[in-house]
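Hints in hand, dock the two standalone chains.
Note that the protein sequences, when read in sequence, are chains A and B.
As numbered in the numbering used here, residues 1 to 432 make up the first sequence, in order.
As numbered in the numbering used here, residues 1 to 318 make up the second sequence, in order.
Accuracy of the hints is not assured; some may be wrong.
So, partial list: chain B residues that the calculated Cβ filter (under 10 Å) puts toward chain A [as the list claims (entries may be wrong)]:
| no. | residue |
| --- | --- |
| 1 | Val217 |
| 2 | Ser267 |
| 3 | His283 |
Everything labelled a hint here was simulated from the structure, so no lab data went into it.
All C-beta atoms, glycine included, are put in the ideal place defined by N, C-alpha and C.
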Amino acid sequence: MKPAKTLTGVTLLAAVSLALSACGGPGPAAAPTSAAPGSVSLRLTTWTADANQLALFKSIADEYKTTHPEIKDITFDSLPSADYTKTLTTQIAGGNGPDLAWVPESDAPDFVESGALAPLTDTFKATPGYNYDDLKTDFAKLWTRDGELYAYPFSTSPFVMFANDDILKNAGLPSSAELKAQGKWNWNDLSKVGAQVHEKTGKDGIIIRDFNYAQPLLLLSLWKGWGASPWSEDGKKCTFASPEMTGAFEYLHEGIFGSKAFPGPGTSPDFFAGGSALTVSQISRASLLKNAQFGWNVLPLPSGPKGDYSVIGQAAMAALQNSKNPEAAKQFLAYFTNPDNSRQLAQYFPPPRTSLLNAETLTATNPLLSKDQIQNTVIKSLENVPPKPQHTSSADLASKIKVALDPMWQENADVPGVLKSVCTAIDPILAV
Amino acid sequence: MSLIDKVSPARETTRAGERGPKRAPFLTSRRRDALTGYAFITPQLLGIVGFVLFPLALVFYYSFNEWNVLAGTFKSVGGANYEKLLADPQLPSVLAATTVFSICLVGINIPLALLLAVLLNRQGKGITVFRTIFFSPVVVSVVAWTLVWGFMLQDNGGINGILQTFGITGPNWLRTGPTAMAAVVTTYVFKNVGLNMVLFLAALQGVPSELYEAAKVDGATRWVLLRRITLPLISPTLLLTIIITIVGSLQAFAQIAVLTQGGPGLSTTVLVYYVFQQAFEFHHFGYGSTLSLLLFVIVLVLTVVQWQMRKKWVFHEN
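Next up, chain B with everything else stripped away, as it sits in the complex (with noise of 0.2 Å):
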């Protein structure tokens, strides 16, 4: 409690001619503050309970039943949602296939993101135009983006056409498994690289240059520098654009719906998709959003991993 309230009552003035206690003002200024942050935080608080919280709900209790679209019937199944995804005969693979996704995104889009930070992380003539090429596919439409994709990976497509005048034979990119995984692959990455290269060049340009001076007059080497000085500062980034870059990749769609529809077979059937195609291909409701939990219980687990992890690698946090 401040000082300002506990003197408020003395401070206290009744009406003239008016006995009785003398009462506290609604507004003391400890209220008025908080009220101050309610409202600031109110239009948000709607936001999350009407587009989070409660979608969220309705999925958990959608999980509990069938709904009969066409028929208008809605009808609690208890369990049994969860019990036909433990039997589900295609889950194994989507998850498979997920994981696949996901590490392969991953385990392309940082380090490519960061070899573009580092090399664009100069003065230089050009630099900018440089480090405007590279970021302007994130503001493309993904759908376009991936539909001039989808013309170039056709199997007479464009890519196939220049290997060609190598004397190179491609592959049927988008019809089998492998390729079609890399294809997807590829096509996110080159999307979506160029919003990690910001966060990194921002936070590259923050890690003060008299550290990396001290460390070349002791004789540090380029490979050095960055294990032990860059990669250190700019962990928190590190840490940032990993997670926003693994939930990212659990929630791909567009490229896959307009690529491969998952195919061939289920080699690019992602989680999200399969959701997609139980809910509102197949009408399955209520299996959809058995599947849907088990999409955000995997996002849950793997981002309170990462920040649980974080204190034994990013930088002041342990």
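Only chain A is shown next, with the shape it has when bound in the complex (with noise of 0.2 Å):
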């Protein structure tokens, strides 16, 4: 028995010697960042696979390594969007976390409260050229904690409305741009123009993209037009049960089980495949009506009873604080969303830059908006708005929310009382 008492004692050394490893601290220190010529490498990650948004990062960084030597190599990652941030998330608990990764909205309280993102105002504000004060203030709200900003909003995307003029006059309906000139660009009118599409054509009326009723904080584009929130500007207090939240939750409760206006559960309709009349998206997405076969315009998200409104999502563009090389990561950042190289991401991305929200930009960057809509739909939306509301444990709240908010799927719901049901699920998270 003595060599299975041996072999038990070295396995077990084994796996305390490599658990105590596996729990240690950082890796390396960081190398300087006059480090030898080809001795750094930087990995970016992203959750975009678009092959001409990757040649645009890619041509950006190479001109970078023309003037950093000690570049060897800088790579794009593309992780599946559906799981970006768990395996974001694995690869930082497995030490093999990127130098840099985009960060959704939704994980920003997260990733900037927790220190994992490197502080980036001083390397911004060193940089030549950089116009730190270009940034508005608003849109880094969200990315900035003791007035340190720790990730760039490279993507300030206004959700608007798009619409298919074809299948509104399929259903002998004005098209999208006469409905707004005659002012029923509003939920109520919009309600009863989805329904008659449903009727008239089969199609979908009105598409809140990505919902999927799955996802229903997405659902901020219509409640807030109630003047609703999920929780209080604190974010420690359950709204979902405020007469707000309750007045467009039966709203959409009739739009899909009563007039059939919004396309119910466990179908998967698409806009931009010519399956719906309208749909609520963000702007980024316009890029998808490239070789669109129908008829379409692009309008400011319609008015809702507490009147006209806007809502933003964001993406940021962050050094990660655990890098091998986080001074490089950083100098890097500064130089990818430097004024010139955000110009050139605009065309993709709505940038967080003052000097850069103009019709003139959007327009030479965007050709397939015009300068119209340019003006009046994604400029227009960007005036004056903050972030959508964000909060810590964003997965585990999402997650509440939409369990909690499944009977409410269903014909006959207690609407009021299924949100007072949300409020239960999440009031211990929120009160952390």
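Written out as structure tokens, the structure reads:
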């Protein structure tokens, strides 16, 4: 039995040693920026796999390398968007985190509060020609803590309403521009439009894109029309059971199960494939209409009972604190997001820079959109609008909200009762 | 000790001119056999240590800690994760869904596999084609299989389309608790029933035909043949398939992740999916580890219970 005991001892020793080493502190110290030529490799994780976007990123990186001999290579690692945060955090947990990463807005509080991101303000301010004050304060708010910027919100994309004018015409309805001119660009009238489309053409009326009865927080683009928010401004109290939210859900429930203006659960309609008359989506999705076989328009979100409103969605780019080369990562980020490169990126992502948020710049970089659409939809939707409310433990919150809201998607749902149950489910998380 | 080992000192020789006690050679026949054995099992042993025992030890260790991946902090929380487990308001629903899923799966999979095996355990034209058809889902990618079923089960999908041609309005399969569970179980059964069918088929072909012939002479009916001859003789295989089906049911993940994401509500959130959510979606690695240990204990207990019960019903085991 002795060899068996020895083997067990060695195994346990190895396991404990490995466990202790796995739970140790961060890796090697940061390499100085005056590193030896070809000694620094940087990796940036993204959720885009768009070949044109990746080609643009690569061209910016190649240009950066010409003036920075210490950079051996810069790679852009496209992770599947559905599992992006899971994959990123698993990489970090495994000690194989990237040097830079895109961060979705829903994860902003977790990433910023945890200290996972490297502070950027000093690096950006020290970069010649960066023009740090050009960043819109409102847009940077979500990514700032104690006056320090932790991520650059490279995409600040307003939610807008895309319209398929061919479907509206087939349903015997005015075009989207005519509806707006007639003062019918509001949720109440559009519900009737959606219902008529469904009845006359069999196509779907209005889709809140990506909601799919699985991501309820995307309904903010509708809730805000009723002045509703999922939680209080300080993030401590659930407001799902408020009269505003109840009004928004009663409208939506009637639209789904009554008038059928919205497609019901268990279907997968797609506006961009010509499956519906209207869809709420971010303006950055306009690129999907490049080869559209139907007449389309893009307009601001319809007004709600509380009047006109806007909603923006953000994505930011950050350098990770535990990168092997945090200084090099921050410096590359400063270059990647300088005014010239931000202008290039604006063709895909509305920038957070005041100097670039004008019709001239955005029209030049977005050939799919007319100057009128840029001015009256994109730029108008970006005026005086704070980022969406976000909270730490976003995935846990989103899951509990989804689970509690599921009974809402039945024909005979008790709308106020379901909303109260949402608060019961999330209050313990908000109270922390 | 073998005879060779006993006599080996007497067979030792010394070099010419050397004096002193005769030493036994290190590589005795017994040691050589033992080393050969160890050499054969070493790769498997390394795999078990590296990929089973070591992770298991880590999971146990993590269950007493909380690991904030983003902050890079790792701190001991004592038994807090176990207290959370006992007080988790969602856990009873998760365990109920897990139980329903496992019972339905085993209750449908085993009889169906046995029925298919009995039907296909005969010689005849085209029988191999049928066997291949029923086995083929086993080798199909589980995600591809589930995605296709997902389209079929949509409210306006293929299944409701077929029902509509008969004037039946089908339910919204994946949006109500009972139908969502039925859909997930059915998808899983059709994917895996072929494997158990093949195991039963092999067992059936090992049953001596003269036993059937003798029983038929005595006037046994088909039901008696099945109950008195077939089932007892294939009971070791039956035990094996029940164990692997129960363990498999507790590991079912892809079907749920793709089809329902645990919904609606928690109706299809089985324990392994809940572990995944806690650890990889909510970043509660400590609590996820505690739930993993609960799953481990459940699998262990069920397997041990079945192993002990085999003496009562498995042929040659009493």
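Structure-based check of each hint:
For Val217/B, the interface hint is violated, since its Cβ never comes within 10 Å of a Cβ in chain A; the closest pair sits about 55 Å apart. Of the supplied interface hints, the one on Ser267/B holds, with its beta-carbon coming within about 9 Å of a beta-carbon of chain A, less than 10 Å. Given hint, His283/B at the interface with chain A, holds; its Cβ is 6 Å from that chain's nearest Cβ, closer than 10 Å.
Hint 1 from the list above is the single one not met by this structure.
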